[in-house]
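With the hints as a guide, bring both chains together as one complex.
Protein chains in written order, with my numbering: chain A, 14 to 482; chain B, 8 to 462.
Don't read these hints as lab results, they were simulated from the structure.
Incorrect hints may appear among the rest.
[Stated by the list, open to error] Pairs of lysine-lysine, BS3-like flavour, derived with a Cα cap of 27 Å:
1) B/Lys272 x A/Lys386
2) A/Lys265 x A/Lys23
3) A/Lys255 x A/Lys124
4) A/Lys376 x B/Lys83
5) B/Lys83 x A/Lys373
6) B/Lys83 x A/Lys255
7) A/Lys255 x B/Lys300
[Claimed, not checked] In silico negatives: residues of chain A with every beta carbon more than 12 Å from chain B:
8) Glu63
9) Ala126
10) Arg212
11) Glu286
12) Lys288
13) Arg334
14) Asp384
15) Leu405
16) Phe441
For every residue, glycine included, the Cβ atom is placed at its ideal position computed from N, Cα and C.
Below, each chain spelled out in residue letters.
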Amino acid sequence: MEIKNLTITKAKESLKKKEFSSVELTKVYLERIKQLEPKINAFVTVTTDEALKNAKVADEKLAKGEDAPLLGIPLSIKDNFSTSGIRTTASSKVLDNYIPPFDATVVTKLKDAGIVMLGKTNMDAWAHGSSTETSDYGPSKNPWDTNHLPGGSSGGAAASIAADEALGAIGSETAGSIRQPASWCGVVGLKPTYGRVSRYGVVAMGSSLDSPGPITKTVEDSALILQVLAGRDPMDATTSPKEVPNYLQNFKHDIKGLKVGISDDYFDGVQDEVKAKVEEAIKLLEKLGAQVKKVKLFPPKYTIAVYTILQRAEVSSNLARFDGIRYGNDRSYFGDEAKRRIMLGTYTLSAGYYDQYYNKALKVRTVIIEDFKKAFHDVDVIIGPTSPTTALPIGASEGQSMFGELADVLVEPSSIAGLSGINVPVGFSKAGLPIGMQIIGPQFAEEVVLRAGYNYEQANPLFDKKPNV
Amino acid sequence: MKYTPIIGLEVHVELKTKSKMFCACSADYFGQEPNTHTCPVCLGLPGALPVPNKLAIEWCIKIALALNCEINEFSKFDRKNYFYPDLAKGYQISQYDLPFGHDGFIELSNGIRIRIRRVHMEEDTGKLTHQDGVSLIDFNRSGLPLVEIVTEPDFHNADDVKEYLQKLQQIVRYLDVSNADMDKGDMRLEPNISLALTTSLRGVKDDEAIPFELLPNYKVEVKNINSFKFVEKTINYEVIRQEELLEKGERPAQETRGWDDTKQKTFSQRSKEDAQEYRYFPEPDIPPIVTTKETIEGYKKSLPELPDAKLKRFEKEYQLSPYDAEILTRERELANYFEKTITSLRGGTTKQSPVESISPKQIANTIINKKIDITATSPEELMKQILASSQTVQVDEKELERVISEVIKENEKPVQDYKNGKEPVIMFLVGQVMRKVGKKIDAQMLKEKLQKMLQ
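Bound-form chain B, shown alone (with noise of 0.2 Å):
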C-alpha cells in the first residue's frame, strides 16, 4: 500500500446525570417541548453562575480511571470562548490545560493499545433547526454533561476504529455513566484522518506511534458521526479521496467535513487552515477541582469488572470459548445473568446433585442458542429448566437404553448406514429415540449414548 491512513478519534459520550452539568435543570431532554428544561445558568442569563455537577465529575473521573489513565489531582475548568448561536454564553465550559484524565489507553484484540491523550469534561450547547428560512433555538440540551474522550492518531484502519468505539461504548455502559445510546446522539463521533506516504513510515513498527514529525502536514476532521457504521464508510471515502487527491499532487486541505449518507460521500463543511482560536483561560467562576489520591483509589475500587477483564476471567473460570464469553460479556447485565444462573444453580440444588453433570458452558449454550430473553425468565427459572431436562435424562438411564436398544432394531438400514460411515446419520437415530421417549433430552448426551451403544 502506497499511503498509511492516520487517524485519531475524539468521542463526546454524554452522562446520563439526573440533573445538568452546571445548574439543577433535568437532564432528562429526549423529545421534550423545546426550551422548557432551562433557567438563567443554562440559557447564559446576565449574572446566573454555574456550580459544577459532582457527581458528573465523579463519572468523568471513572471514565479515566477505567481507561487506564492517569488522574490530575488538581484540575479546574477553563472557558472556550467562541461564537455559535447554540452556545448560551459565549463561551463553552470545558477543561484545557488540565483535564480529569489523561494518558491512557484502549487495547484491542489484536494486541494493539490506541492510545488516550485525554479524558476530559464540557457542556453540550443548544440545538439549532432551521425551518422555512427561521432558525430556532433549542436550550434544552445546553449545558448537559459531556465527556470527550481523545486518542492519539494511532489508528490506520477503519476496523480498528470500530472495535475502539465498541469497546469505549462498552465500557461506559459496564460503568452505568452514559446510555451510550446512538440514536439519541449519546455519543458522537468525530475521526481525523489524514494519509502519509508508507514509505516515509518505515522504521516504525505496526504496534508503535508514528512520531510526531512523520505525521501528514495536514488533517481532515469529519465531524457529529452518529452511527459506528458512518465512520466506518467515511474513514473509507475520506481514504480514496485524499489518495486520489495525493495521486494529483494535491495536498487535501485542512477542513472540517460532514458525511452525506444519501450521497455516501463526506462534504466540506468549514476551513480550518487558520489555527482556532478559542482564547482559552481559568474559568473563574468555578473554583479548582481537588480530587485527593485517596478519592481516587476509593473510585478505583468502586468500579465494577471491566468487560476485557471479564471475558478472561470466563474463559479461565467456566472455561467458554472465546466467542461464548465474548458474547456473554458484551452487557453487563448479560455476564451478570449468566452468573446468576451458575451462582443458583450451584446453591439450590445440592440434594439432586446433578450439578456436576450441567457444565457452565452448557448454561452459556443454553443462553447464546436459545437466546433467553434475561428480562422475562430469571436465572432461577432458567435453572429450573436446565436442570428438569438434564433430570429426565439420569431418572430413566435403564428406560432410556432399553428404548434405545428397540431404535437400534428397528432401523437396520440406519443403523448399516452408519456403521458404514455414514456418521450424519445418527441424528436420525437421536430424532426416532426421543420421539419414542416423548420427552425432550439432551441430544448432546443422547448422540453419545448411542455412539457408545453401536459400536
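Next up, chain A with everything else stripped away, as it sits in the complex (with noise of 0.2 Å):
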C-alpha cells in the first residue's frame, strides 16, 4: 500500500474492492504517525486503541456490504473538539486533565459516517495563533522544512495532512486558521460558511465566527468531508436552517463564465515568490474559462482591527469559566496568549470603552460585509494569496503579540463577514515551501468555491508532490 498517492476518494475504493482492509489502512497510518511524530509533532493525542477498535467495526460494515460517506477513513481531528471519553485539551495545560462526557456535533456525524479516529492535533493553545507556537504542548513543525511553522491554529492538522500521518483532518477557523495553515503546508483548507458546520461542542474561540471545517489533500476530498459535516444543528441555534446541497454533484463541472474578481489590496505587502504565483494561478483559471475582473474591496489592513476587537472580548467572555473551580487546573495554566486576550477583552467591553472599541467593530463589521456583497454583485469568487508569505521559520512569533493577525490579514475580511472560501496549493516558493491562493465565495457558497478550486487542481496537480520527511 502507498499512501503517499492516496486520497480518501481512492481509499474508499480500494476499501470497497477490499483491495485492503480499514484495519490495515488505519496500522500504516499509526505506524507513520509513531514514526514521524518526534519530527512533526502534529498531535496532541493519539487514539491507537480507539483508531483499531473503529477501523475494526469498519471492516465488519464492509463485509456486510454496508456503506457510509466516510467508513473506515482514518482522520485527525483538531484537540478543540470534544471527544467523548477522549481527553479535549485545545493544547492548553489547563484542559491538560479534562475528559468531556460529550462529542462534539462535528465528531457525532463523523462517527456516524464511519470514520477511523486517529488522534486530536495540536495547535495554537485556544485556537489563539497562526503557527502552534501558543500551544503548551510544544509547536508543530512543517513537513516541508521542519525548521519551519505549519500555521495555525489547525496547524497539527495540516502538518498531519502534508506529512501524511492521516488522510483526512478536521479543524476549525476563526479567521485564518484552516486556510493559512492549508496555504503553509501546502494542502487545501476549506472554510464553510459560519452557521453551515455546527460549532456545538468545539471550545470556543470568538464565537460569531468559529466555523469548523476539512483539511485535506484535495478538493474533492475536502467536499465529500463538508457533505457529512454540513447542516442545521438542533443544538447550534446559530446554524443555518438552509438546505444543503448536493456538493458531489456539482463541483466537477467546468468554470466557462465564472467571473473571477481580483482586488489589488489582497496582494499589498505580498511576498514577490507567492504574487507570482497566484496571478499564474489566476492566468491559468482564466484559461480554463473563468473572467477576470478587478473589484474595489475594503481595504484587508483595516480588518484587522475589526477582527482583534471582537474576537478578543468574546474570548475574554469564553474563558471566564476556567475559573479553576472545575477542570483541574487553575489560571496559573494559561499561557501568555491567552492572558493577554483575555486583559485586551476585558478591557474593549468595559463601561465607557464598549462604544469606542466593542461597538464601532461591530459597525465596521457590517461594513465589510455590505461591502462583499456589493462586489459579490458583479462577481462569482474572489482569488488572491491566501497568505502574504511562505512559512516562516520556528520562532517567528515570539514577542509578536499580533503574529496571528498579520499572518491572517488576507483571510479576515472574508472571516468577519462569514464567508466560504478555500485555500488550494498553486506552487513552491525557492525554498522549496509551498504557496497557497485562496477562493473567496458569498455565504452559502461552497458549491462554487469548490467547484474553482477543483478545476484549477485538476488544471495544476500538486497533491502527489510530498515533502521528504
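Structure representation (C-alpha cells):
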C-alpha cells in the first residue's frame, strides 16, 4: 500500500474492492505517526486503541456490504473538538486532564459517517495564533521544512495531512486557522460559511466567527467531508436551516464564464514569489474559461482592528469559565497569549469603552459585510493569496503579540463577513515552501468555491508532490 | 414626615416550563438529588451552546403584556460577565439594552401606578451550600428560566410594595406561567431603598414619578428575600436605620444587604460604591429574537382575563361587593368555579325555575362563608346544594306560614321584646321555626318572612 498518493476518494474505492482493509490502512497510519511524531508533533493525543476499534467495526460493516460516506477512513481531529471519553485540551494545560462526557456534533457526524479517529491534533492553545507556537504541548513543525512553522491555529491538522499522518483532518477557523496552515503546508483547507457547520462541542474561541471545516489533500476530499459536516444542528442556534446542496454532484462542472474578482489590496505587501505564483494561477483559471475582473474591496489591513476587538472580547468571556474551580488546573496554567487576549478583551468591553471599541467594531463589520455583498453582485468568487508569506521559521511568533493577525490579514475580511473560502496549493517558493491561493465565495456558496478549486487543481495537480520527511 | 422613602423593586420569577431555558434538562429540580438535572449546556462545559426555549420567551412576553409593557419586536440576549462559583460559564445569559418588554405598569387599589421599567429573560445560576468548611455546588437549578421585572423607584411605603407583589404574583399565576411559590424560591424579591428629604420633593404630586435629579445619591439594595412579610419588615427596618444615619449627618453606604429574620434586622453583604462592571455584550451564540407584530397581537389575544378586569366585571355583572369580588378573583381557579356554578344553575334548572330567586351574590356568599373546597365539591354539586335549600322553602310556603304563626303564638315574651325594639331577638324566633320545620331553610329569607308577619 502506497499512502503517498492515497486520497480519501481512492481509499474508499480500495476498501470497497477489498484491496486492503480499514485495519490494515489504519495500522499503516498509526505506524507512520509513531515514526514521524518526534519530528512533526502534529498530535497532542494519538488514539491508537480507539482507531483500531473503529477500523475493526468499519471492516465488519464493509464485509456486510454496508456503506457510509467515510467508512473506514482514518482522520485526525483538532484538539478543540470535544470527544467523549477522550481528553480534549485545545492545546492548553488548563485542560490537561479534561475528558469531555460528550461528542461535538461534528464528531458525532463523522462517527456516524464511519471514520477511524487517529488522534487529536496540536494547535495554538485555545486556537489563539497562527503558528502552533502558543501550544502548551510544543509547536508542530512544517513537514516541508521542519525548521519552519506549519501555521495555525489548525497547524497540527495541516501538518498531519502534508506528512501523510492522516488521510484527512478536521480543523476549525476563526479567521485563517484552516486556510493559512493549509497554505503553509501545501494542502487544501476549506472554511465553510459561518453557520453551515455546527460549533456545538468545539471549545469556543470567537463564537461569532468559529467555523469547523476539513483539511485534505484534494478539493474532492474536502467536498466529501463537507457533505458529512454541513447542516442545521438543533444544538447550535447559529446554524442555518438552509438546505445542504449535493456538493459532490456539482463541483466537477467546468468554470466557463465563472466571474473571478481580483482586488489589488489583497496583493499589497505580499512576498514577490507568492504574488507571482498566485498571478500565474489566475492566468490558468482564465485559460480554463473564467472571466477575471478587478473589484474594489475594503482594504484588508483595516479589518485587523475590527477582528482583533471582536475576537478578544468574545475570548475574554469564553475563557471565564476556566476559573480554577473545575477542570483541575487553575488560571496560572494559561499561557501568555491567552492572558493578553483576556486582558484586551476585558478592556474593550468595559464601561465607557464599549461604544468606542466593541460597538464600533460591530459597525465596521456591517460595512465589510455590505462591501462583499456589493462585490458579489459583479463576480462569483474573489481570488488572492491566502497568506502574504510562505511558512515562517520556528520562533517567528515569539514576542509578536499580533503575529496571528498579521499572518491572517488576507483571510480576516472574509471571516468577519462569515463567507465561504478555500485554500488551494498553487506552487512552491525557491526554498521549496508551499504557496497557496484562496478562493472566497459569498455565504453558502461552497459549491462554487469547490468547483473553482477543483478545476484549478485538475489543471495543476500538486497533491502528489510530497515533502521528504 | 421629614424623610420620604424612595423604593424600587426587582423581582425574579421562575417560569414553570418543563425544560430549562437553554437545554433540554428537566426544570423540575426542586428537592432532587444534586447535579442530576444537568447536561454539558447547563454545566457550561467547553463547547456546549445555548438554544433558547421558545415557550419561555413566549411566556416572558406574555408577562410583559399583562404588565402593560411595550414589546421589543427586535430583541436579543446578552452576556452579563461576572465571577461567582455558582455561575457555570463565568457569565450569565441575560438581556441588556433590548429586553422583551419595557415601560409598563401595575395599578394599585389606591390608583397609584407603579411604573415597570423592564421585563427581561435570563437564566438562573447553580446553588452553593457551605457545610463543614466545604463548599458544594449543585447545578440542578443552573439554566432555569427566570423573568426579571424591574420597577421605577415609585414606592414610598411597605404597604404599596406588598400590594404590588401580591398583584404581580396573582398575574403570573393567572397566566399560568409560574407557580410563584415563595417557599420554593419561584419568586425572589430585591427592594432598593433610600430616603429623600421630604422638603426636597416639594412640588412632586403624590401620584407623580419623582424626577431622576431629585432621587437620593445612594441606594441600599436588599437581596434575595423570599417572603412578602420579610420585604415589609426589611423596608420598615431600613427606613428607620437610614433615618438614624441621616439624622447623624451620615450618608448610608451604597451597598447590598440581606435580611436576618432571627435578628429582625438587615446586615451588610457587600459594598456597591464602585459601579458594577458586567461587560455586557450581545450573546454571539444566540441569533437575535424577532417577534412580529402579528405574533404579539396573537399573544395579546390569548391572554386570559386578568385579575383587575375580572374583579371589575364581577362587581358589575354579578352585583358583588368589592370585598366579595376581590376574594373570588384572588385565584383564577376560584373565580372560574364561581362562574361555572352560575352557568350550571342557569343552564340546568329551567323547569323548576327557581333560578331567579338565587342571586350570584348568594352563590358568592355560599362559596365564601361556607369555605367551599373547590377541589372536593364540583360546581354542579354546589348548585344542587343551593337549589335544594331554596326549593324546600318554595315547596312548603303555606306550611311555613303555618309554622311561623305557631311560633309567634307560642313565644309571646320574645315577640313582645322584638316589637319593643329588641331586634336581635328575631334570630331566636328564626331558630324556633327551623327546629319545628326540621329542615335547613335560608335564614335570610325566613327572617324577612318573620319580620313581615310580625308587622
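**Asked** Which of the listed hints are broken here?
**Response** 1, 10, 13
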